[in-house]
Structures are given as C-alpha cells and as structure tokens.
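Asker: Residues per chain are reported as follows:
Protein chains: 2
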Amino acid sequence: MKKLIIGSKAELKKIFNIEEVKRFAESSLDTNPIHLDSGYAEKASFKKPIIQGMLVASLFGGILGSKLPGNGTIYLGQDLKFIKPNFVGEEVTACIELVKIREDKPIYTFETRCYNNIGELTIDGVAVVKYINPEIK
Amino acid sequence: MKKLIIGSKAELKKIFNIEEVKRFAESSLDTNPIHLDSGYAEKASFKKPIIQGMLVASLFGGILGSKLPGNGTIYLGQDLKFIKPNFVGEEVTACIELVKIREDKPIYTFETRCYNNIGELTIDGVAVVKYINPEIK
Chain A
65 MKKLIIGSKA ELKKIFNIEE VKRFAESSLD TNPIHLDSGY AEKASFKKPI
115 IQGMLVASLF GGILGSKLPG NGTIYLGQDL KFIKPNFVGE EVTACIELVK
165 IREDKPIYTF ETRCYNNIGE LTIDGVAVVK YINPEIK
Chain B
65 MKKLIIGSKA ELKKIFNIEE VKRFAESSLD TNPIHLDSGY AEKASFKKPI
115 IQGMLVASLF GGILGSKLPG NGTIYLGQDL KFIKPNFVGE EVTACIELVK
165 IREDKPIYTF ETRCYNNIGE LTIDGVAVVK YINPEIK
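The listed protein sequences derive, respectively, from chains A and B.
Heads up, the first sequence is in the working numbering, so the first residue is 65 and it goes up one at a time.
Heads up, the second sequence is in the working numbering, so the first residue is 65 and it goes up one at a time.
Accuracy of the hints is not assured; some may be wrong.
As a list, the in silico EDC-like pairs of lysine to aspartate or glutamate whose alpha-carbon atoms are at most 20 Å apart [to be verified]:
#1 B:Lys-145 <-> A:Glu-90
#2 B:Lys-164 <-> B:Glu-175
#3 B:Lys-112 <-> B:Glu-155
#4 B:Lys-77 <-> A:Glu-90
#5 A:Lys-194 <-> B:Glu-175
#6 B:Lys-111 <-> B:Glu-155
#7 B:Lys-194 <-> A:Glu-175
#8 B:Lys-194 <-> A:Asp-143
#9 B:Lys-148 <-> B:Asp-101
#10 B:Lys-148 <-> B:Asp-188
#11 A:Lys-67 <-> A:Glu-167
#12 B:Lys-86 <-> A:Glu-90
#13 A:Lys-78 <-> A:Glu-175
#14 B:Lys-131 <-> A:Glu-75
#15 A:Lys-145 <-> B:Glu-154
#16 A:Lys-145 <-> A:Glu-75
#17 A:Lys-77 <-> B:Asp-101
I should point out that these hints are in silico values taken from the structure, not numbers from a laboratory.
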C-alpha cells in the first residue's frame, strides 16, 4: 500500500466509450441529448458528445478505493468544478494528491483533478475520505 | 418545461440494482469490495453492499438534464457530502431546489439532496448549472 503522507499522489488513465456513457445516462435517468446525440452536441457548440462530468469524476472514487488510500476507503465528500468537457473516445487522466491529514481522526483531504488528452484541466475538486488501514485494525 | 424561479423543485426516485453497482465499479476502475462483497461490507460495519456515493449522486445530473432545467443543461459544479450510505435494492429519492439565479448570466444554483427509503438524508450538496432555454434561443 502507498504511504499516506502529505504530497502522496496517485493517478488513473481511462478512455470512456459510448456504451459506458449510454449506460450511465440510463442509470442516472438523464436524457440530456448532449451526451448521446452527435448532432445536438454540435449544435450546442461541442464538437462531439461529451462524457457526463460525474462519470469522469467517478475515476476519483476509483483511485481512492483501489490505489490511495485503497480498499475500505469511505467517501465523505467530493467537491467538483466542471471546467472543460471530456469527449467520448479520448483519454482522461485523473490525479489525486493528499493535502491534509486530520490529527484527531483518520480523515484525509485530497486535491482531485482530471485532464484531457492534450493535458488541459477539465475537472478540479477536493475529496474527503475516512480510512483505517485494515492491516493494522 | 418547469419554470425557473427561486423555490422551483424537482425529484426522481430510483432503486439501484447490483448490476448497476458492478458496472459503475468497473467503469470507474474502483475495486473497493465495500460495494461488491457482502461479507466485506458486513465486516466494515455496513449491513450490506453500499451503492457508490457518486452513482447515487448521478441522479442530480438526471434531474438537472431531463427535468429542471432540462435538456441542454451544462453542469458547472457539484459539491457533495456523503452523510449516510444508500443500499442496493432500496429506493433512493433525489431532490433539487433552485436557490439562486445569477443576474448577469444564465447560471443557476440548486440545493441537491438524496434520501433513503425511510426518509433519512444520505447526500447533501449544491449544484451549479448553465442553462439557455432552447425554445427562446
């Protein structure tokens, strides 16, 4: 397991496909055509269907739950600013960095950011999690 | 379309099944067993696998994109506090209420909340969206 010290970092890269975007739209009961209809997305001044911001941001949960801190992490909060869209079929990089450790409780604050395939910041935010290392329980 | 005035409300109800939770785990590259393994969830002091908080919160995008304001809504931000878990197979109610309209830009702030099947608050947050009514473009 990675060490939980200020400055600890982890990242994930992923290309979302149109099937994942459609399933997420169905699951979240979101019929907004901006994610599903190329013609509509173009008219709305995006070059192609955009991935739901919350689906992209789900990668933060992926990193927190599987890499840093890892299995057993309890998500307490997530703030998100959707700065630029991420497009279907283009690689997303999600990064987190530990910026605060509570002294009284095992509660950790991470800066969380996503970038598009040309390195532009697309999502900026902060995650707060609780984590007790299962190996030292 | 619903009127966009301070106090405008909309809601969605949904029961997430284990398949949706598994697909979201795969899509977000999250291997945290707390969502997938009943034994682990029990040991971690939850009575059964919990739905990913971000999957539950995706219902806010569902309401914003399909009900209030509706199609064409652009998500600018979402703050989330995960207060209590929602469990697989139990009904979630997601509610939004318009609390602020910018005077200079078509930017709207909503309070966003989820409740479990016995009416307890599980997620509290705030969404900010941009919306231009396509009928008056």
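Asker: Against the structure shown, which of the earlier numbered hints fail to hold, in ascending order?
Answerer: 1, 5, 7, 14, 15 and 17
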